[in-house]
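Colleague: If you're matching them up, the sequences are chains A and B in order.
Each residue of the first sequence is one higher than the one before, counting from 28 in our numbering.
Each residue of the second sequence is one higher than the one before, counting from 9 in our numbering.
Since the hints were made in silico from the structure, they are not lab data.
A few of these clues could be false.
Derived DSSO-like pairs (lysine-lysine); straight-line CA-CA distance at most 30 Å [to be verified]: (1) A:Lys119 - B:Lys278; (2) A:Lys56 - B:Lys189; (3) B:Lys35 - A:Lys180; (4) A:Lys222 - B:Lys283; (5) A:Lys180 - B:Lys283; (6) A:Lys269 - A:Lys314; (7) A:Lys263 - A:Lys119; (8) A:Lys222 - A:Lys181; (9) A:Lys64 - B:Lys189.
Covered stretches of chain B, as calculated for chain A (at least 3 residues, CB under 8 Å) [unchecked claim]: (10) 100–107; (11) 275–282.
Everything numeric in this text was worked out from a predicted model, so none of it was measured.
Just so it is clear, CB atoms sit at the ideal spot from N, CA and C, and this is done for glycine as well.
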Amino acid sequence: MNDAVVHVAELRKTFDVPEREAGLKAATKGLVRRKTKEVRAVDGISFDIAPGEIVGFLGPNGAGKTTTLKMLSGLLYVSSGDAQVLGHVPSKRERDFLRRIALVMGNRNQLQWDLPALDSFELNRSIYRIPREHFLRNRDELVELLEVGDLVKKPVRQLSLGERMKVEIVGSLLHQPQVLFLDEPTIGLDVTMQKRIREFVAEYRQRHGATVMLTSHYMADVEALCERVIVIHHGKILFDGKLGALSNTFAAWKTITAAMENGASDLSSYGEVIHRDGDLVTLRVPKADTARVTARLLAEQAVLDLNVEDPPIEDVIELVFAQENRS
Amino acid sequence: MRALVSTMRAELVGAGGVVERNYYLTKRYIWWDVAWFLWTVANTLTIVFIAKGIEASGGNLDVNRTMTTLLIGAVVWAYLGILFEFLMETVAWERWEGTIEYTFMAPLSRAMHLAGQGVFAIAYGLLRATFLFCVCAFLFFDLTMPNAQFFPAFVVLLVSSVSFIGIGMMMSVLPLISPEKGTQLGFVAQGTLLVVSGVYYPVEVLPQWMQWIATISPATYALDGIREAILEGQGLTAMWDELLPLMIIGVVSIPLGLWVFSRGEQYAKKHGKLKRSG
Chain A
28 MNDAVVHVAE
38 LRKTFDVPER
48 EAGLKAATKG
58 LVRRKTKEVR
68 AVDGISFDIA
78 PGEIVGFLGP
88 NGAGKTTTLK
98 MLSGLLYVSS
108 GDAQVLGHVP
118 SKRERDFLRR
128 IALVMGNRNQ
138 LQWDLPALDS
148 FELNRSIYRI
158 PREHFLRNRD
168 ELVELLEVGD
178 LVKKPVRQLS
188 LGERMKVEIV
198 GSLLHQPQVL
208 FLDEPTIGLD
218 VTMQKRIREF
228 VAEYRQRHGA
238 TVMLTSHYMA
248 DVEALCERVI
258 VIHHGKILFD
268 GKLGALSNTF
278 AAWKTITAAM
288 ENGASDLSSY
298 GEVIHRDGDL
308 VTLRVPKADT
318 ARVTARLLAE
328 QAVLDLNVED
338 PPIEDVIELV
348 FAQENRS
Chain B
9 MRALVSTMRA
19 ELVGAGGVVE
29 RNYYLTKRYI
39 WWDVAWFLWT
49 VANTLTIVFI
59 AKGIEASGGN
69 LDVNRTMTTL
79 LIGAVVWAYL
89 GILFEFLMET
99 VAWERWEGTI
109 EYTFMAPLSR
119 AMHLAGQGVF
129 AIAYGLLRAT
139 FLFCVCAFLF
149 FDLTMPNAQF
159 FPAFVVLLVS
169 SVSFIGIGMM
179 MSVLPLISPE
189 KGTQLGFVAQ
199 GTLLVVSGVY
209 YPVEVLPQWM
219 QWIATISPAT
229 YALDGIREAI
239 LEGQGLTAMW
249 DELLPLMIIG
259 VVSIPLGLWV
269 FSRGEQYAKK
279 HGKLKRSG
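Bound conformation, chain A alone (with noise of 0.2 Å):
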């Protein structure tokens, strides 16, 4: 893809971990002789992203999510392959690059604790050669969109964390970034602020025409947002497609839950019985099955209501893991 944002080629990352044994032995040998071991964070990865697309890109914890994140922000040297960014190989700090881009991430802060977020916009503008004209309005969009202009002058470190959460937001969107690095923007917050930060991207990318990507443990971040998904595990990609066929490849049922007249009627000939609340019953049934279970379930039985649904995301993802872990 010629025209891609993000082009990633074959990039790998490998770190030199030190370890050793417990006891004072070990210890006092590590002394002479340190034991490193290689691991690979991220092994030889590989994905384009287009202008505009808003990409979910998941993995459980230490699947190589952030430090992707970080090659592409220039933050790490990457060991081989190749990580591109509009253009721009990150690692060389081009200040044309370092002007469109911004790295969120939901569990460090780029505006200092113990003064107002005011003061560290301004310090953004200076760095980021921001006109002061197009800092204040966009800081003032900003600050309108998120709702935080009675946060802003106070001292950072005496907001709760969704308010930090949404001032850091507005901090790295003062310049207008055209490319989001978003690392669990949402770690931490409640339903209501998740729900807010998720609007509020959605609105960004639309207003903005930016490109997105998103590493979420919330899969509701990723429904909402994400049309694409890469699944990332022990630094490999494990699934690169749009997120409705994540299911279809990894898992090979559909939940059917149907209302009966007597929900004490025995279904297990239809299909595994999952889960069971008075008369709503539960089942999970081979994908292909589902059209004739179904079916078989309206002629056979006395059925008030029916719903057929792929399965809920979260499992799929834990399929998918789980299935990569046993291989």
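Assemble the complex: chain A is given as a structure, and chain B must be docked to it using the hints.
Modeller: Structure of chain B alone, referenced to chain A:
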């Protein structure tokens, strides 16, 4: 040419932003700084009292002159401490606060980033050093300095600051490559620099190998120049023996400091050391 001027201007604005942020942070902690200033005063007094102690135990010395000599050493020690602290904090403080990744991702050249740190450190350090000198010399001991030329002394300290900043840049790489203990090594560097430079004694009393190191230490020329200005009343024109080496060391140490820092940054980015701690 216009592009170059524009880039330079933008870089200076960025460095100005770093200075401004340091001002805000210092202002935020101003009462802590007052507390630290009191500690520095106490520390300086313990050193200056040594001259009185020697006299009281029967030593034959010009007490006023010795006290002034010791005071100048203690003030330069404190000044160097402030410069190194600010430069070490370029990495250490940001690592602790969790802002290090963002700072190193910002579109500001490392030279201007460090220059912003250095300029504020010099301004703040000079202010603190002046206060410290005045409080100890005039408020506490009532020292007499009939020949003192304060402006040349100030200029010598300012010129030597360029070299100190260069060395500070080299030191600030330590917390970059060693997140756990790198900051403490800055104190080792500060002490080592001053011990060979005649901080409280003439360089001539040192072993020969230390005297050789003293010739390449900017602190040697800074201490000599300041003492000549305050004790002997030397003017700037008579101080080329100090100013010239300071300028030469400054011209060498700044690019060397930047080079060392850039190598440290590359190492940190290769080994994944650019992350928060604490």
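Colleague: Could you grab the alpha-carbon distance between A:Lys222 and A:Lys181 and see if it respects the 30 Å cut-off?
Modeller: Given pair A:Lys222, A:Lys181 holds - Cα atoms ~24 Å apart, limit 30 Å.
Colleague: Does A:Lys64 pair with B:Lys189 here, judged by a C-alpha cut-off of 30 Å?
Modeller: Since the Cα atoms of A:Lys64 and B:Lys189 sit roughly 23 Å apart, the hinted pair holds (cutoff 30 Å).
Colleague: Check whether the Cα positions of A:Lys56 and B:Lys189 lie no farther apart than 30 Å.
Modeller: Roughly 21 Å separates the two Cα atoms, so the pair holds.
Colleague: Are 3 or more residues of the stretch 100–107 of chain B near chain A, judged by a Cβ distance of less than 8 Å?
Modeller: holds (count 3)
Colleague: Quickly compare the C-alpha distance for A:Lys119 and B:Lys278 to 30 Å and report which way the hint goes.
Modeller: Satisfied, since the Cα-Cα distance of roughly 13 Å is no more than 30 Å.
Colleague: Take the C-alpha atoms of A:Lys269 and A:Lys314, compute the straight-line distance between them, and say whether it is at most 30 Å.
Modeller: Holds, at about 18 Å.
Colleague: Has the given pair, A:Lys263 with A:Lys119, been kept, meaning a C-alpha gap of at most 30 Å?
Modeller: holds (25 Å)
Colleague: Regarding the pair A:Lys222 and B:Lys283, is the alpha-carbon distance no greater than 30 Å?
Modeller: holds (29 Å)
Colleague: Would you check the hint for B:Lys35 and A:Lys180, treating anything up to 30 Å between C-alpha atoms as holding?
Modeller: Answer holds: B:Lys35 to A:Lys180 is near 16 Å, not above 30 Å.
Colleague: Within 30 Å, alpha carbon to alpha carbon, are A:Lys180 and B:Lys283?
Modeller: Within the cut-off at roughly 27 Å; holds.
Colleague: Taking a Cβ-Cβ distance under 8 Å as contact, does the stretch 275–282 of chain B have three or more residues in contact with chain A?
Modeller: Held - the stretch 275–282 of chain B has 5 residues with a Cβ nearer than 8 Å to chain A, which meets the minimum of three.
The structure agrees with every numbered hint stated previously.
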